[in-house]
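> Which chain is which? The protein sequence lines are A and B, in order.
Residue 29 in my numbering sits at position 29 of the first sequence, and the numbers go up by one each step.
Residue 387 in my numbering sits at position 100 of the second sequence, and the numbers go up by one each step.
Heads up, some of the hints might be wrong.
[Said to hold, decoys possible] Have a look at the derived ranges for each label pair, beta carbon to beta carbon:
| no. | chain 1 | residue 1 | chain 2 | residue 2 | range |
| --- | --- | --- | --- | --- | --- |
| 1 | A | L264 | B | D434 | 29 to 35 angstroms |
| 2 | A | E45 | B | E402 | 17 to 23 angstroms |
| 3 | A | L82 | B | S425 | 44 to 50 angstroms |
| 4 | B | Q538 | A | R96 | 40 to 46 angstroms |
| 5 | A | V257 | B | S412 | 50 to 56 angstroms |
[What the hints assert, rightly or not] Beyond 10 angstroms from chain B on every Cβ pair, some chain A residues (computed):
| no. | residue |
| --- | --- |
| 6 | L31 |
| 7 | A41 |
| 8 | L105 |
| 9 | G185 |
| 10 | V193 |
| 11 | V257 |
| 12 | K268 |
None of these hints come from the bench; they were simulated from the model.
The beta-carbon is built from N, C-alpha and C at its ideal position, and this holds for glycine as well.
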Amino acid sequence: MRLAPPRLPALPRAGIAPIGRGLLWTSGAALVLFLILPIIALFAEVIPGDGAWRTINDPVVTEALRLSLVTTAITVGITLALGTPLAYVLARRRFRGAVLLDTLLDLPLVLPPAVAGIALLFTFGRNGLLGGLIDDAGVNVAFTATAVVLAQLFVASPFYIKAAKAGFESVDPEVERVSHTLGEGELRTFFRVTVPLAAPALLGGIVMTWARALAEFGATIMFAGSLLGVTETVPLAIYDALQTDLDAALVLSALLVIVSFAVLFVLKVLLRRSPMRAGVGLEGANG
Amino acid sequence: MADPTPPATPDLQLHADIVRALPGFSLAVRFTLGREVLVLFGPSGAGKSLTLQALAGVDRSHGRSGAGGRITIVDGDRETVLFDARRGIRVKPQDRRLGYVPQSLGLFSHLSVTENVTYGLRGRSRRERESVARRLLSLMQLRDLGDRRPGQLSSGQRQRVALARALAVAPRLLLLDEPFTALDGPTRRALGAELRRLHEQRGLPVVLVTHDVDEAFALADRIAVLDAGRLLQIGPREEVFARPASRRVAQLVGIENVLSARVRGDGPPGSMVVEWGPIALQVALPPQPRPAPGEPVDLAIAASQVMVLKEQGELAAAPPGGEGRSNVIPCRTLRQEMGRETVRLELQPLAASTPAPLRLELPAYAYYRLGLDRRRTPAVQLKPEFLHLMPRG
């Protein structure tokens, strides 16, 4: 006679109790829904209206896209060139006033963009702090593409500086010392060791800065105005078109969403695959 | 095939005089290194790592006002100045050609093992880099691991990669900071033996930092004892362990019996007599200058060199003070601690008002053969040749 295998009582599943788990999921789902619903609504409006996509060739759209791409590229370039050495110094050197400087660099991240716009006007505007200097040089900054870049630089570059600083701090100085003893000077050590090791953080910082620059609205409209083809970037064009050409506004919005999503998604996949994940990724940009 | 470590002339010497004034810590050490393994030994905070970093030229205060002294390498009849505070010479670490392996190893985690090893060979031909990598990987038993990343290796393998990487640039000497601390016992001993072999094959001078007494003794030709930024003693390892220069050195190298005594006067030829409390002890004559009668001194004797005498009869047959029977002290067992292979005892001399108990350690078999499990009042002998006399600092 065969014995039936003894019945074991079901083991309680480890972790959170079922009720708690359900609550966890529903509360999370509610927020997720809230966050993606507007995106869905936007595309629901754009996709069936095939008429909307015709505006993609309108000067309002193309000029805004061109201007946004060019100005954000310049902003990212300047941020990289000036922000990288700064971040490295902040990460490696101990000096008096470091905390003060660090706080000042955080300020643009928390200031309302409108405040940034006014501050920039009173710095570079005709009656601003440097206005006379700039006037003498025969250039006008306010209400030009230069102003667009300056506005973006002001609000967006701190993202990179913070991320890069965290990235450089995560690189053990001992690794750089060893590189020195192996015959490599400061600069080569920086590019052969420090930058690759901090790469995930640097990449995250670049993307955050670029995304913030692309989204920049408040400071730009106050400091640079909204002139088609000169200072009217995509967010400004969307705002303008909302009253005149709804289709153009929708298309630009959709494009902005697509591009932003694609960049963030690719970055996340890249960082996930990266063999040198330093534990500092996108998160570092806000840290 | 180019050998990354060409046989150097036998009289390579490093002269180091290192002075650092940091907030809250100052370092002043001076030593000479030949073709040997010099161990910098001392407790943490002694300045060992800083000394090593100063040699490599990578310490933080390097090139600042707090740095003084002079470091030179004499190779045959050529002298290379690496550092001279007075003349303002500060050769950069990248131009010193010294192999430096920090305690954290400093491996490049974004590069493969092979890329780590050949990191310092930029500018050499690809063939040369490959041949150096092949030779060093096989020397360090890393042959099949060339494509791995440091994160995929065991700690022993990581240690080997760091060593191979330092050797690849044909350094004039090797600077190792606590190289084996992170390893388990067997790996530590195996790598230690490998390092000795490497050193003996190539005659490469090595400066090795450790806080581990056993490691210091196992690896060193000479030992430099550092404490609180000062060099307390430097010498052949046997000498440092057998004849520590001071009470502090004796404590640091693990000599457990340091007795406070006072000089009485001359003893039998070649010896002198000191008083340890009420007990008179014969001590071999120390080298000049000899302490004068009445002067306080310290006596050091290792726990393993305190001899327990056999049963009573022997003691009666040769009374204390007789020829070959000097320094016999009847004691009472205070405490015993059974180890796996040895037994540690704490014995209190029976004489009235003796300052401190004696600690000794003996093999388990000797413990039973001497009947120490039964006897409560064994007698010990502190042989004059094992008693090391130190001036009171």
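> Hint by hint, note whether the structure agrees.
Okay, the hints, checked on the actual structure:
The beta-carbon spacing between A/L264 and B/D434, approximately 32 angstroms, falls within the hinted interval of 29 to 35 angstroms. In this structure, A/E45 and B/E402 break the distance hint of 17 to 23 angstroms, their C-beta atoms being roughly 53 angstroms apart. The supplied range of 44 to 50 angstroms is met by A/L82 and B/S425, whose beta-carbon atoms lie about 47 angstroms from each other. Distance hint for B/Q538 and A/R96: a CB-CB separation of about 41 angstroms, consistent with the stated range 40 to 46 angstroms.
Our hint of 50 to 56 angstroms for A/V257 and B/S412 holds, since their Cβ atoms are close to 52 angstroms apart. At roughly 36 angstroms from the closest C-beta of chain B, the C-beta of A/L31 stays outside 10 angstroms, upholding its exclusion from the interface. At roughly 43 angstroms from the closest C-beta of chain B, the C-beta of A/A41 stays outside 10 angstroms, upholding its exclusion from the interface. The beta carbon of A/L105 is kept farther than 10 angstroms from every beta carbon of chain B, the shortest such distance being approximately 25 angstroms.
Not every CB of chain B is more than 10 angstroms from the CB of A/G185 (nearest about 5 angstroms), against its label as outside the interface. At the 10 angstroms boundary, the C-beta of A/V193 falls inside the reach of chain B, the nearest C-beta of that chain being 6 angstroms off. Against chain B, the non-interface label of A/V257 holds: every CB pair exceeds 10 angstroms, the least being about 34 angstroms. Distance to chain B confirms A/K268 as a non-interface residue, since its nearest Cβ pair spans about 19 angstroms, more than 10 angstroms.
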